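Engineer: Going line by line, the protein sequences match chains A and B. Taken in order, the first sequence gives residues 1 to 115; the numbers are from the working numbering. Taken in order, the second sequence gives residues 1 to 112; the numbers are from the working numbering.
The set of hints was computed from the structure by calculation and includes no laboratory data. Computed from a predicted model, the values in this text were never measured in an experiment. Backbone N, C-alpha and C fix where the C-beta goes; we use that ideal spot for every residue, glycine too. It is possible that some hints are incorrect.
[Unchecked claim] Coverage of chain B stretches by chain A, computed from C-beta distances (three or more under 8 Å per stretch; other residues unrestricted):
(1) 44-55
(2) 103-110
[Stated by the list, open to error] Okay, derived cross-link-like pairs now, EDC-like style, lysine to aspartate or glutamate, Cα gap no bigger than 20 Å in a straight line:
(3) B:K111 with B:D85
(4) B:K99 with A:D102
(5) A:K44 with B:D104
(6) B:K99 with A:D56
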Amino acid sequence: EAGVAQSPRYKIIEKRQSVAFWCNPISGHATLYWYQQILGQGPKLLIQFQNNGVVDDSQLPKDRFSAERLKGVDSTLKIQPAKLEDSAVYLCASSIRPPSTDTQYFGPGTRLTVL
Amino acid sequence: AQSVTQPDIHITVSEGASLELRCNYSYGATPYLFWYVQSPGQGLQLLLKYFSGDTLVQGIKGFEAEFKRSQSSFNLRKPSVHWSDAAEYFCAANTNAGKSTFGDGTTLTVKP
Numbered sequence: 001e002a003g004v005a006q007s008p009r010y011k012i013i014e015k016r017q018s019v020a021f022w023c024n025p026i027s028g029h030a031t032l033y034w035y036q037q038i039l040g041q042g043p044k045l046l047i048q049f050q051n052n053g054v055v056d057d058s059q060l061p062k063d064r065f066s067a068e069r070l071k072g073v074d075s076t077l078k079i080q081p082a083k084l085e086d087s088a089v090y091l092c093a094s095s096i097r098p099p100s101t102d103t104q105y106f107g108p109g110t111r112l113t114v115l
Numbered sequence: 001a002q003s004v005t006q007p008d009i010h011i012t013v014s015e016g017a018s019l020e021l022r023c024n025y026s027y028g029a030t031p032y033l034f035w036y037v038q039s040p041g042q043g044l045q046l047l048l049k050y051f052s053g054d055t056l057v058q059g060i061k062g063f064e065a066e067f068k069r070s071q072s073s074f075n076l077r078k079p080s081v082h083w084s085d086a087a088e089y090f091c092a093a094n095t096n097a098g099k100s101t102f103g104d105g106t107t108l109t110v111k112p
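Please put together the full structure from these sequences, using the hints given.
Structural biologist: What follows is the structure, given as structure tokens:
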């Protein structure tokens with residue numbers, strides 16, 4: 001079974017530029033998550049999708065971050081414009097069902113450096 | 001607000017020694033609890049999870065964890081650490097509504 005795929009693995013941009021990350025979850029997984037992991041901290045949930053609908057985006061900085069999951073499969077997370085404090089690893093995860101008891105499977109992440 | 005605390009930022013143990021990583025949670029009710037491991041450049045891998053029932057749960061790679069409601073703790077243990085266990089370990093909790101909260105992690109170094 002293929003795991004969660006993410007691209008790119010690394011990205012370096014200047015502040016105020018835009019960037020987009022892509023995630024392809026495990027086939028058949030209805031729930032998809034984007035996390036931000038700042039160095040020295042645990043992952044923080046940015047947004048959770050159930051199929052192509054948003055379940056929770058309470059911690060997504062909506063003035064600069066956006067995410068979509070068209071057709072309920074792969075997803076894109078965008079930052080526009082980027083700030084220095086957005087430097088982090090962006091993790092995508094998926095699960096079969098909403099995550100109360102279900103296992104989340106994580107991708108390898110995208111490491112973003114904002115200069 | 002719900003929270004997960006991992007009091008130890010960094011732990012060093014000798015290979016073959018026992019290991020215990022601490023995790024405390026603060027929730028209104030008993031959450032669903034998880035331990036993940038993250039190796040450099042890798043995503044998080046689930047080690048074990050607790051939902052209900054037996055408070056001692058077994059996981060992969062020889063790890064186990066014990067849920068103690070009275071102490072709001074879910075500590076991870078391994079009787080004999082291998083060099084390949086060096087990694088960062090995260091405790092996480094999910095509410096019934098499905099919201100996940102992670103601790104800030106404990107980095108494990110294994111001395112030869």
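Engineer: Hints first: check each against the structure and report whether it holds.
Structural biologist: We went through each hint and held it up to the structure:
no.	hint	result
1	44-55	holds (count 5)
2	103-110	holds (count 3)
3	B:K111 with B:D85	11 Å, holds
4	B:K99 with A:D102	12 Å, holds
5	A:K44 with B:D104	10 Å, holds
6	B:K99 with A:D56	8 Å, holds
When the structure is compared with the earlier hints, no violation turns up for any of them.
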